[in-house]
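Residue numbers (the working numbering), protein chains in the order written: chain A, 596 to 825; chain B, 596 to 825.
Hints listed in this document are in silico derivations from the structure and should not be mistaken for laboratory results. Do not rely on the hints blindly, as some may be mistaken.
The list treats identical chains as interchangeable, and a pair is accepted whether it falls inside one copy or across any two copies.
Claimed, not checked - In silico DSBU-like pairs for lysine-lysine, Cα to Cα no more than 30 Å straight-line:
#1 791 / 700
#2 713 / 753
#3 700 / 755
#4 716 / 755
#5 755 / 713
#6 716 / 753
#7 791 / 753
#8 700 / 716
#9 791 / 755
#10 700 / 713
Protein chains: 2
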Amino acid sequence: MAILHHYPLCPHSRFVRLVCAEMGVALDFVEERPWERRETFLALDPSGQTPVLVMPDGLIIPGAGTIVEYLDEALGDQAGENRLMPRDLAARIEVRRLLAWFSGKFHDEVTGYLVNEKVYKRFVPVSAGGGPPDMNAIRAARANVRYHMRYVGYLIAKRKWLAGDDLTLADLAAAAHLSCVDYLGDAPWSEDETAKIWYARVKSRPAFRALLADRVPGMAPPDHYANLDF
Amino acid sequence: MAILHHYPLCPHSRFVRLVCAEMGVALDFVEERPWERRETFLALDPSGQTPVLVMPDGLIIPGAGTIVEYLDEALGDQAGENRLMPRDLAARIEVRRLLAWFSGKFHDEVTGYLVNEKVYKRFVPVSAGGGPPDMNAIRAARANVRYHMRYVGYLIAKRKWLAGDDLTLADLAAAAHLSCVDYLGDAPWSEDETAKIWYARVKSRPAFRALLADRVPGMAPPDHYANLDF
Chain A
596 MAILHHYPLC
606 PHSRFVRLVC
616 AEMGVALDFV
626 EERPWERRET
636 FLALDPSGQT
646 PVLVMPDGLI
656 IPGAGTIVEY
666 LDEALGDQAG
676 ENRLMPRDLA
686 ARIEVRRLLA
696 WFSGKFHDEV
706 TGYLVNEKVY
716 KRFVPVSAGG
726 GPPDMNAIRA
736 ARANVRYHMR
746 YVGYLIAKRK
756 WLAGDDLTLA
766 DLAAAAHLSC
776 VDYLGDAPWS
786 EDETAKIWYA
796 RVKSRPAFRA
806 LLADRVPGMA
816 PPDHYANLDF
Chain B
596 MAILHHYPLC
606 PHSRFVRLVC
616 AEMGVALDFV
626 EERPWERRET
636 FLALDPSGQT
646 PVLVMPDGLI
656 IPGAGTIVEY
666 LDEALGDQAG
676 ENRLMPRDLA
686 ARIEVRRLLA
696 WFSGKFHDEV
706 TGYLVNEKVY
716 KRFVPVSAGG
726 GPPDMNAIRA
736 ARANVRYHMR
746 YVGYLIAKRK
756 WLAGDDLTLA
766 DLAAAAHLSC
776 VDYLGDAPWS
786 EDETAKIWYA
796 RVKSRPAFRA
806 LLADRVPGMA
816 PPDHYANLDF
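Isolated chain A (complex conformation) (with noise of 0.2 Å):
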């Protein structure tokens, strides 16, 4: 079976996941606590970074971009009309374009932060960046989750799915991270109702509910966040 090294509230493994999910590709799961750059990890991947991807032939995959474009390349085909990266070239531009919007400037923008402060510096030394939260860190977060949520919105008022008339990685991007920012308390459903429903259809796919039962120890989501019609 393939090994997914991760961690619960990495956004980028949660991607990873769901298409694994989706895909029908079954994991067995190693769970990483990046900040401890254990050596067995490193030789995976220098940059350290979850999430990557083990075959179960050894092909070691680094990264969640370059595990998504291997998925497709290696099991697209047989995905038929549930491909999550459409053969169009035109299509799979808007795809990629909303991935880069997500996993980049939205991670920039509001989950690095997030995560980095609610969860990574409680575990990490102080003399290593750890420590409390820096608020003006979160606060930035909070504000920027806004826009973004609003863009969700405007896309879906015009289209079925985030990319298109169909499912496409550009949602599974997006709601991974998104996941990421409820379980933390910070998504501000009330900013787009029309964002809020998208939500709600992807977060009630099989693909999902594996994510939505995890639990990192000592934090608690809030009570709405594995509520499926919140």
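Given chain A, work out where chain B should sit, using these hints.
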């Protein structure tokens, strides 16, 4: 002709210019100052970041990662042995891993700081985050670039090019970022002789010529910058 919306010292723009030159894609240029947030530029790509490529048929492709994947999908087959993205799935993983390394990690730890502090902040009003450079950020970038230089040297000690036997997107991404660092006078070439030899090899390619001739008004590069033998 295709039009590239770029900024001369944006490393992602430089990467796309190198890829287009290697692939024989002729370009017209529009210089964008991303901090001005020009409305017609935001209409091409709401993220407002350079580069954006507009193909002769009007197809809009935002973001270096999306652009180079598109160019490989649309034109890679014609390139034959000069293809910048290998066909083999495992080899593609290694190219994409290194693309993420240089366009992501290296950018976050080196080029992002240097270009932002030394270039962009000169032009942005203080009220919008402009002003004098933050020397702590510049010092961090100068420290970080050393281990990246050694990583390039480590790879080139084992391989002809960064990702294997052939020149790929990985070399062009790494060289594009290093060319910005070098323009700004912060490339520690004495750190690793092997890395320096590799860079001299990449920068002597015809595709690099236009880049080396570019000048930003008021900011001269060091003397060795455009010297192909250093």
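Outcome of the hint check:
no., hint, verdict
1, 791 / 700, "within (20 Å within a copy, 32 Å between copies)"
2, 713 / 753, "neither (35 Å within a copy, 41 Å between copies)"
3, 700 / 755, "within (23 Å within a copy, 34 Å between copies)"
4, 716 / 755, "neither (38 Å within a copy, 40 Å between copies)"
5, 755 / 713, "neither (33 Å within a copy, 43 Å between copies)"
6, 716 / 753, "neither (39 Å within a copy, 37 Å between copies)"
7, 791 / 753, "within (15 Å within a copy, 50 Å between copies)"
8, 700 / 716, "both (21 Å within a copy, 20 Å between copies)"
9, 791 / 755, "within (13 Å within a copy, 51 Å between copies)"
10, 700 / 713, "both (19 Å within a copy, 22 Å between copies)"
Checked against the numbered hints above, the structure violates hints 2, 4, 5, 6; every other hint is satisfied.
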